[in-house]
Amino acid sequence: MDFSIVWQYLPLLLQGAWVTLWITVVSLIIGLALAIPLALARLTKNRLISSPAYLFVLYFRGTPLLVQIFLIYYGSGQFRLELTDLGLWGFFRDPWFCGILALVLNTAAYSAEIFRGAITAVPRNDIEAGRACGMSGLLLFRRITMPKAFRIGLPAYGNEVIFLLQATSLVSTITILDLTGISRQLISKTFAVYEFYLTAAAMYLVMTYALVYLFRVWERRMNGHLQDRVVTAPR
Amino acid sequence: MLDLHGYGWLLFDGLQLTIAVGLCAMVVAILLGLLGSWGKLSDNWIVNLTANTYTTVVRGVPELILLLLVYFGAPTLIQSIATSMGYDIRVDINPFIAGTLTIGFIYGAFATEVLRGAFQSIPKGQAEAARAIGMHRLKTFQRILLPQAMRFALPGLGNVWMVLIKATSLISIIQLDELMRKTKIASNATHEPFTFYLLASFIYLGITLVSMMAQKRAETWANKGVTR
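As given, the protein sequences belong to chains U and B, one line each in that order.
All residue numbers for the first sequence refer to my numbering, where the first residue is 1 and numbers rise by one.
All residue numbers for the second sequence refer to my numbering, where the first residue is 1001 and numbers rise by one.
For the record, the hints were derived by calculation from the structure and aren't laboratory data.
Incorrect hints may have been included.
Short derived list, chain U residues pointing at chain B, Cβ under 7 Å [claimed, not checked]:
(1) P11
(2) L12
(3) T63
(4) L66
(5) F70
(6) Q78
(7) F97
(8) G130
(9) T145
(10) S169
(11) T180
(12) T190
(13) Y194
(14) M203
(15) Y204
(16) A210
Sample of chain B residues lacking proximity to chain U, with all beta carbon distances greater than 12 Å (derived) [to be verified]:
(17) D1043
(18) L1205
(19) S1211
All C-beta atoms in this analysis are idealised placements derived from N, C-alpha and C, irrespective of residue type, glycine included.
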């Protein structure tokens, strides 16, 4: 086992780790922006709105992410002429666009389920109290329902973020040089197989637990007023 | 109508292999989960540390990296150890075994957490009562703890299965001819990638839907004596 070769290529690996983080953050932000309207669409009584949202969530949660990535990246090639006419081929030819699109749709579906659950879990009392103060409609939603739902959904959402970070490794299959992609490329060049994979695994481990820690701190900030506190009596 | 150019059976073959790998990996995962949950609840600190390291590491590293590490990394590691001891051998891992073991190994960590929770939610009095009527530890486990834990673990294990069967698509990367790889072959031959990947995704969706229904029935069956 010879890790000096890893040391030599460390800047490239760090660059790959940076790409991994970048893809994660971009997909998360766009995915979250889609997830909240989706969760609300799932909750409306109008079947014309709720059933397409239900089918979207079912499809993206019920099929492997790898298939979704390949369907968008390789599948779009089948409609090359049509996409060129629409001026969209430039996007679908780009692995970055396709990879991020797949990740966005996937995380949007999972997060929508989390927030749907969280919104239904908002205690009735909170909403009644808001009503009693004269709030209704959008104001009630913005001030009472949403902040509470966010606090309830935060732990589950933290797990989703960690899953997404790990799921980004799949975009290496469509030529993107993220941490996994760069490791595979360096291995085909140097034949130092387990040295690079072990290093990449360690780097993912560090990123994962850094995120776990950040979410724990954030959760404590958001839900601190709900946690039991040990009150020590003055001596 | 959907024209598959005669490649439909190819996908069906792939589906069979996907299910075979999935089921074998699930068995491995449950066995590792039992072992891991025993380790997590054990008083022995070495066992405890091993089990905790296992779940911490596996859940923090992407499946793809672990899969590549086992399939490509393990043989080279064994070879280089052998070379340093003066032997010259070639190790090839069968992709079916590598895929099954790796997927099982990864989801064993998730099953560990599920089963740990399940064993913990059995009231202590149950084991004490079993001991009081003279059952020894293995018999207590087999007759009292395991059946009850399985009932508590059923929803969690169902979720593990559904994530696991989707994760089997990754082993197409190590050249195992399961559904995903057969789809690739068919789409390359016909130049209709969208048709075939869409079809593959619907097959996976079908597996998920069937699993969801089976899980619901299993849960009703397992809770028969409780919820009434």
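Going through the earlier hints one by one, which of them does the structure break, listed in rising order? Of the numbered hints, 1, 2, 7, 8, 9, 12, 14, 16, 18, 19 do not hold.
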